[in-house]
Amino acid sequence: MTKSAFITILVFLLLFFSVRFFLFYRNQPQHQNGEYLSFETRILSSPQIFSNQQRISANLDTGERILITAPMYPQFGYGDSVRISGKLQVRVLDNKKLMLVMYFPKIEANKNGKNLLLAVTGFVRQRVTLLFEKNLPPISASLLLGIVFGIKENMPKDFTNDLRISGVLHVVAASGMNVTMVGGFLSSIFSFFLKRQYALVLSILGICFYALLAGLEPSIIRASIMGILAFLAQILGRQRLAAYSLFIAAYIMLFVSPSTLFDVGFQLSFMATLGLIVIRPIFDKNKKLKSLLNKSFVGEDVLTTVCAQASTLPILLANFGSYSFISVFINGLVLWTVPVLMTLGGIGGLLGIIFEPVGAIFLYLSLPLLLYFQKVVSVFAQVFGTFNLTNFSWQFTGGYYLMLISLVIFFLQRKQAKAD
Amino acid sequence: MLKKIIWFGILILVVLGGLLFYQRIKFYDGKLHVVFCDVGQGDAIFIRTPKGLDILVDGGPNDNVLSCLSNHMPVWDRTIELIILTHPHTDHFFGLHEVLKRYNVLSFDSEKLDNKALGFAELIKEVKQKKIPLHYLFSGDAFKTKGGVKVEILAPTREFLAETSPNGMIGENNEFASLISLVSYGSFKLLLTGDTQADELLEAISQYSLSNLSLLQVPHHGSKTGLSFEILNLLKPKIAVISVGKNNKYGHPTPFVLDLLEKAKIKILRTDQNGEVEVISDGKTWKVN
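Those protein sequences? They're chains A and B, same order as listed. The first sequence begins at -5 in the numbering used here and counts up by one. The second sequence begins at 40 in the numbering used here and counts up by one.
If we strip away everything but chain B, and leave its shape as in the complex, we get (with noise of 0.2 angstroms):
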């Protein structure tokens, strides 16, 4: 009996040492990976650069997220090195409720702008009792890390912000401003747009000129009000990535953006449609996993 149990418990070993090493292999493989997660109508981006740190930004409307980042981090990895909140929406902000729970974050950089729902204070009140560094973005702040990958924040500028949300707190539906973000690295380059509206959009792509991306993710999950010819004329971008969930009541994507991505021959990758989409780059080359 006691013979069974040791070479069952060498057996364990042997399995468990080798799942770690599987992951020790798989995830850090010295390049760049991009996933947006599928979590249904919202967003939910996660970052792992080449060196394994990670960036997730925006949490999405439910628990979802934390599958998505067990199947891209090794298991023995609990550190998110940073949390980015394009605006304080439900959609983008609930699951991190969970994520912050279960994960060392070191820190938590937010839109400066406040949410009356009740979710939003209990979120920044577990921030601040884990003492997790919070801190607000505006345009021209910027993260370079270690391995070469650079995110910089091209919006909202302080004035965009004061003008949208003159009371600091963030609309339901009027006009708001989101976090528009520029994760580059090499040549690789990738938009992130949160729930931008296409004024906001239009003025920062001009700010920084910016063009030739190698991925844009389409503003607002495909709402009518985040894309135009104009931007999509200006950015090029080869893929178009749309965040959204199956039959949301918001009728999103709208066929504006979805005709519009295509009159540009610009290759559209649903979440509701190809599940979590995988984007891994060496800095040189990149492809869609």
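Excised from the complex, chain A in its bound form (with noise of 0.2 angstroms):
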């Protein structure tokens, strides 16, 4: 492709996605505070449950998220299609973010929402949650819950703060590794019995099947979006371009929905990718240290951390207003379970729905490592404190990119001079 039809299509693109924000937000109805509001949506996260209430997440029509406050029954849960009538109410958050909540309005379910597929996820999720629960210790099975399917919604709270004060809340959101692992996992089996292009379509659907088990949250769409288009590109026999399969990503999501602009999972999950995409290689081309990380166990997951904390450092002060250094030591201490974690639980979950005992086995050999990963996160939460930012400007956010993508060139050039 020719540089100028490139940059054609790409003017294109950006014309069609201006379009299509406008379009958005010239008809998106401006939500008041004490406005009457019914709607239709389906619960893709189970609701969470406090003394004698249900704490429901869903989406408006417009793809924002509001909180719903309802009676402990009749309980709502994963895959539900309702309908939604009442007051909504405007909450202005400690960080100057509006969020939207309901309290107590009339929820009717909608018989005719029942999906088969939503159905066969909704057991999967149940199963495996009741499996996991049955057979660790609470903290253990959420953490455990979390880290293989980014199912969050009975963490206790208490455990949920400290991973967010430890930087580390980031591996209970599904996401890249769990589709590289869902797709690695799938295709080598598929590949076993079918021709290589069927094993690679089964394995998208397989993501795909994934993505809706973890609740398609933001950061699991953009990875299953990107990990689909590495796969494509393999039965196109195309080369993978990280960068473009990210914009790509980007690109399908705000189309469909605009509003997921604003949201912090999005934000966090694109800039971290991206971070990892183009800073970390950077990395790389010095030889010294590049063979001092191979030599080490955990410097890989430092490096990973730093690129990935480096690229969204404004949008965790401007959303959790906290950052702790410490963190960067933290995730290189506990990352390395995670990926031995996901294979322990996914196999353990797989074989648990078909015979318990022997999911219970597997359970119980991650059991070390879930006790380890919980220790550390909860010592090091309670011994150090994070650094409080209280006045956050968007001149600090523009600043502090500009100086990061200066940087990022400045080495890019170096880089290019040392190699011409």
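No lab work stands behind these hints: they were computed from the structure. Built from N, CA and C at the ideal position, the CB exists for glycine as well. The hints are all genuine.
Below are the EDC-like pairs computed for lysine to aspartate or glutamate, each with C-alpha atoms no more than 16 angstroms apart in a straight line:
id, chain 1, residue 1, chain 2, residue 2
1, A, K128, B, E137
2, B, K140, A, E127
3, A, K128, B, D116
Computed Cβ-Cβ distance ranges for the label pairs, DEER-style:
id, chain 1, residue 1, chain 2, residue 2, range
4, A, F187, B, Y67, 45 to 51 angstroms
5, B, G57, A, N109, 45 to 51 angstroms
6, B, N110, A, V86, 36 to 42 angstroms
Given two chains presented individually in distinct reference frames, assemble the corresponding complex, making use of the accompanying hints.
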């Protein structure tokens, strides 16, 4: 493809994009505090249960997230299609973000909303959750559910908080590594019986199934699209280009639902991936560093963490109001356990659905690593505080990214110069 | 690569083996353990007998009881032999939903009272669905375990229950009955009182001529209606435990009760200040852990 053709396509894509955004936000109703609202939605995460109530996270027609507080019974769950009618309230959070909430609205189950695929994923979710919770201590069970399936509704609040403080909350969001492992696992199994092309198609379907199972959070959608693109590239015999696939994934997601742009999960997932694609390779050019990394056990994880954090720092600060430098170290200590836990938990979950005792054995095997993970996180969360930023301005974000970009360009050019 | 994986596998097996061995020693020490779980405003008391039988008295208002159970039971023990529900109020039964889901429960024993709240109907439905035997307890019932630990139900009598709740429903504020149980192991004696009111407690104590307790659970999270000078004078407990949540809206424990205990020079342990309270006994001596 010539350069001019490429630019033409790019311009067209951007044009479509702006039209989509313009139309979306022109027709976007402005939500008023106290306004009456009735909408249909599908619940894709299990409601959180508090003493006498359940808290349901749902999406409005516009894609905006709304938090609904409802009585304990009847209980709703993953996969339910419901119509919710009630008074909307707009809450201003500590970090000046707006949150939409509804207290005790009328919720009707939509009987026609049954969906076979969701019934299957719902069944798997329920069985796996029960299996983990019956065989592991509560915190370990929730940690493993988060790591393997991105299910984190039953995670104790204190532990979630510890994960956030130590900067490892990202491990309980289903994302790139999950997709890589699911895709790799399925394609190697299918390749045994099937022609390569068919095996890849089935693996892609498997990734979609997994994304649905994990509740379609932005991080898993982004990772799935990128994973699928990588597989497609293999089918079509093309080289895989990570940066392109990231932008295509973001393009598709934002085109379908422009308000995703303001979703913290999307921002973090996108920027972290971009950081890994752009910043990470710079370090590879230094031969000394590279050999050091190969020798050390956790060096790779530390570097990955540094790259991901460097590219997401302002987002972390703006949304969580805190950042702890020690989190790089903690990530280095625990990240190596994640692929092992994914494998043990994934196999245990699959086998356990068929025959519980066999699944339980794999869950037991994961226990030492889970306890190690928990210990590291809870110890560091208690010992080290976080550095808090109360006044956070957009100027900081702008300045920070300008600096980061210039640094990246500087190093890339130096690399180029050396190569010449 | 393969070699690395094998070594890693062996390492995990060794650590797991060590962990299981440690738990085998720790949780089968031949002693009675009683834990007042830190569940906030509510009650959940876990009892593990010297022979490793597990009894849970109430489940607390949330699923905090789960971590309490997993901290005091070996990881492979997923059976709770007996659940006793002192009375059907949310702060005593709610946590049992999750307990039923995650553990095999061999017997569910409750006071013969109903609660209109949907959560309680669901709980009983779950008990029946899982085909767990459901019994109603009255004064005079008793459980004797192999290791020598006894749990005796001292109250309420059928008459007292019929009198306080004529329609079989529990009241929210009025006087209502709650199971009172005496846990004894050798010379160690512990009285669990749920949300008992002073009248019921006094009647039970007099009927069973109870005295010289090791531990008394202060009734109703330290509410002023649960305790009196007369009761303390009869029971003479060494330690009083109050299961209560931080900054609860009821003002529990009340100054009246705290004052009463202090004047009687009884040591007070509170779950809101001390966290969970664990008592260990070998039948002759006992200590707070």
